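Number of protein chains: 2
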Amino acid sequence: MSTIHIALLGYGTVGKGVYQTIKTHQKRFKAILGKEVKIEAVLVKNLEKHQLPDPDVILTNKFEDIISLPKLDVVIDAIVGKQPGFSYLSQAIKRGCHIITANKQMFAHYGRELLSLAEKHGVSVGFEATVAGGIPVIQTLRKLLSVNHIKKVHGILNGTSNFILTKMREEGCSFSDALSLAQEKGYAEADPTNDVEGFDAFYKAMILSEVVYGKQPDWEKVRKQGISSITLEQIELFSKFGLRFKHVASLEKTTKGIHCSVKPVLVSSSHPLFHVEDVQNAVSIDADIVGNISLQGPGAGMFPTASAIVEDLIQLETERARPDEGADHASFAHEPLLTWVLYGEVKNLEIPESIEIIGKINAKALLVLAKEESIENLSNKIKGITVYQLLGDFTFSGTEESRFPSAHSITGS
Amino acid sequence: MSTIHIALLGYGTVGKGVYQTIKTHQKRFKAILGKEVKIEAVLVKNLEKHQLPDPDVILTNKFEDIISLPKLDVVIDAIVGKQPGFSYLSQAIKRGCHIITANKQMFAHYGRELLSLAEKHGVSVGFEATVAGGIPVIQTLRKLLSVNHIKKVHGILNGTSNFILTKMREEGCSFSDALSLAQEKGYAEADPTNDVEGFDAFYKAMILSEVVYGKQPDWEKVRKQGISSITLEQIELFSKFGLRFKHVASLEKTTKGIHCSVKPVLVSSSHPLFHVEDVQNAVSIDADIVGNISLQGPGAGMFPTASAIVEDLIQLETERARPDEGADHASFAHEPLLTWVLYGEVKNLEIPESIEIIGKINAKALLVLAKEESIENLSNKIKGITVYQLLGDFTFSGTEESRFPSAHSITGS
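Those protein sequences? They're chains A and B, same order as listed.
Residues 1 to 413 in this note's numbering are what the first sequence lists, from first letter to last.
Residues 1 to 413 in this note's numbering are what the second sequence lists, from first letter to last.
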């Protein structure tokens with residue numbers, strides 16, 4: 001069986017995620033590509049800080065060791081900063097390697113150069129991971145673009161900023177307290193400037209502009225503003241009117257050229273970005289034929305980003321992934337407990353032990369926790385009761401008739 | 001310049017949308033594919049009911065006229081029902097044509113057969129338009145599947161049902177009144193059974209199952225329930241607890257096989273499907289590596305569906321659509337009026353005539369309508385005022401200090 005030989009630049013959060021994902025997906029690569037994927041070497045800055053789980057993978061701090069590997073098909077870039085990333089990837093392309101990158105700052109600066117260099121050398125560039133982590137924004141835009149003109153793109157592209165704004169509103173805390181919480185949770189770096197002053201979202205917006213309009217606006221003319229000046233007082237005032245602050249990157253083509261801004265805006269509940277909370281990212285696309293499409297998901301993190309990178313790797317080789325036919329990954333071994341509402345004449349209903357009553361919503365509705373099987377058994381026995389599954393988290397605070405006076409917070413499936 | 005020769009089956013809403021979209025996208029086809037796309041013939045049931053805008057396109061009610069066209073590369077299926085769609089497309093594949101279909105009932109029954117027949121004959125099958133209209137669900141699932149196992153898929157796949165449930169809750173009307181409204185607006189057919197009893201969502205779920213798990217569950221074992229039994233009383237009761245009824249198709253792989261249901265469920269605000277309202281469709285995907293991704297957009301309609309079909313057509317020929325470089329489609333010729341909030345010491349602020357005041361939120365915040373240019377001019381002149389753009393619809397009902405006592409409903413950009 002033939003092998004795809006990989007070099008990985010960087011072994012931080014994203015690098016480790018890619019390493020592990022490639023390791024655990026060998027069966028999948030064989031099934032889809034008919035090939036093995038082997039990481040040959042990993043480049044790090046400081047050799048003493050890192051150790052690889054596999055002794056046959058080279059760990060090096062010299063790019064020369066990477067570029068002179070006897071076998072090398074794909075270079076994956078999981079480092080940050082404009083340089084040396086750009087120089088490394090240029091050399092890789094010139095050697096005839098495909099490249100895949102998650103490095104937004106570098107790609108915002110040099111994406112166009114890398115793409116044309118790659119075209120010249122007949123290799124591919126994957127950069128889905130540079131924008132909105134695990135959400136397939138680049139691919140979706142490309143698909144829409146084949147038929148549609150894209151009128152506008154609005155995106156929440158920085159998870160840390162969105163987390164801070166959400167926490168300020170929900171917990172009534174200050175910007176600095178929310179920032180500390182984001183740092184505790186590992187969302188924000190020790191130096192949060194890149195996130196909260198809008199640089200990260202700006203780079204991503206520039207990459208989107210390149211994808212959507214084939215060029216970037218003049219960087220000097222882009223209004224770039226972070227969220228550090230937003231006060232709790234402002235958030236609370238606008239909350240009363242149903243408005244939320246979101247940090248939004250906007251792209252639009254006008255008669256004057258590409259108009260782009262990256263700034264806090266107020267969003268009402270009718271807008272697709274209103275409900276995007278915590279570290280989630282989202283992109284709302286206005287296309288002329290299809291209308292508005294919005295995508296939401298994890299914008300960063302070890303595995304979402306790794307997933308985007310490995311998806312790009314597979315796409316280099318094949319355009320059609322096969323369905324998930326393996327029998328080895330049923331999503332749970334035991335039937336889970338789900339949340340249900342029993343509706344109807346529930347007053348004198350005999351509830352078997354396998355069904356746990358969480359609360360009585362009113363005389364006609366009962367909230368229960370049970371396996372699907374138990375609910376089916378019950379449904380077959382009783383008439384006049386309708387059963388509804390409940391999706392999403394739900395805190396039942398009880399009614400005056402509630403059997404359980406304390407609040408129950410449960411999670412639907 | 002070479003030409004792609006097309007036959008179109010059906011000239012209803014979707015068929016007309018495809019016809020027009022192909023007509024208006026000739027420049028785009030030339031730019032992306034280096035080819036012209038020409039509709040050679042259109043198949044209809046009743047010749048007297050239809051007239052084509054172009055005299056050189058054949059209008060016929062005999063499929064033999066289609067399949068015996070001297071030049072034929074792609075057959076696009078925009079008719080409904082299992083037959084004769086399946087038989088027509090099989091013949092097209094055997095002739096060596098690519099096929100693209102929007103026919104969910106047919107594809108739920110015969111998708112697998114058509115796909116393997118197409119593989120045998122070395123042609124492609126596009127079916128993005130069968131599920132969730134303009135939302136690229138099939139492509140996104142395929143991309144995720146290359147790396148992820150899909151644990152669960154929950155989807156709002158029938159726009160008519162979602163519209164009815166939304167209207168009942170919002171307007172407090174009965175099922176039959178909401179259905180009449182859906183029929184007035186052209187969302188629901190004269191015979192709404194297919195939509196409101198869950199058949200339409202069921203077919204789409206079967207197609208998704210085929211994509212995700214490579215097979216379908218036993219149709220007899222799928223719980224299929226529509227929304228016709230949901231009463232206003234139920235909707236109002238659960239609304240009080242923050243729960244909404246949504247008609248949801250669910251797919252999940254368990255140790256016992258593929259578990260699928262199509263039924264009304266209760267959804268809380270933490271779930272991605274809660275905010276999907278009116279005729280919108282959405283799909284929420286739980287993948288093992290990337291986490292939860294959700295997509296939302298128009299699930300049906302003339303142009304969204306046509307867009308999905310024409311995107312498939314382009315994808316047959318090229319995997320990479322180019323960016324939107326043309327200068328001929330700036331999204332507006334004149335700068336639009338946008339909504340803004342001026343925040344700070346607005347009390348004695350001189351507002352130029354180009355900025356229209358909508359209302360005073362409080363002593364520190366003013367709601368205005370203006371072109372971006374006017375706002376920039378103002379910002380350059382004044383200190384201590386922060387300007388936030390407002391996205392989404394917003395009804396300003398005024399405060400006790402409001403200058404305008406009547407409610408203003410405005411639309412942000």
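Calculated directly from the structure, the hints in this document are not laboratory data.
Check the hints yourself; a few may be wrong.
Copies of the same chain look alike in the list, so a pair counts if it works inside one copy or between any two.
Each computed PhoX-like pair below joins lysine-lysine, with the alpha-carbon atoms no more than 20 Å apart [unchecked claim]:
| id | residue 1 | residue 2 |
| --- | --- | --- |
| 1 | K152 | K347 |
| 2 | K347 | K381 |
| 3 | K347 | K221 |
| 4 | K224 | K381 |
| 5 | K381 | K30 |
Note that the structure is predicted; figures quoted are calculated from it, not measured.
Now for the hints, and whether the structure bears them out:
In this assembly of identical chains, K152 and K347 lie within 20 Å of each other by CA distance neither inside one copy nor across copies; the values are 54 Å within and 34 Å between. Taking the shortest Cα distances, K347 and K381 sit within 20 Å of each other inside one copy (16 Å), while across copies they are farther apart (69 Å). For the identical chains of this complex, K347 and K221 are neighbours neither inside a copy (67 Å) nor across copies (30 Å), given an alpha-carbon limit of 20 Å. Proximity of K224 to K381 under the C-alpha cut-off of 20 Å is restricted to the inter-copy arrangement: shortest distance 19 Å between copies versus 63 Å within a copy.
Taking the closest pair of Cα atoms, K381 and K30 never come within 20 Å of each other, the shortest separation being 49 Å inside a single copy and 64 Å across copies.
Violated hints, listed in ascending order, are 1, 3 and 5; each of the other numbered hints is respected by the structure.
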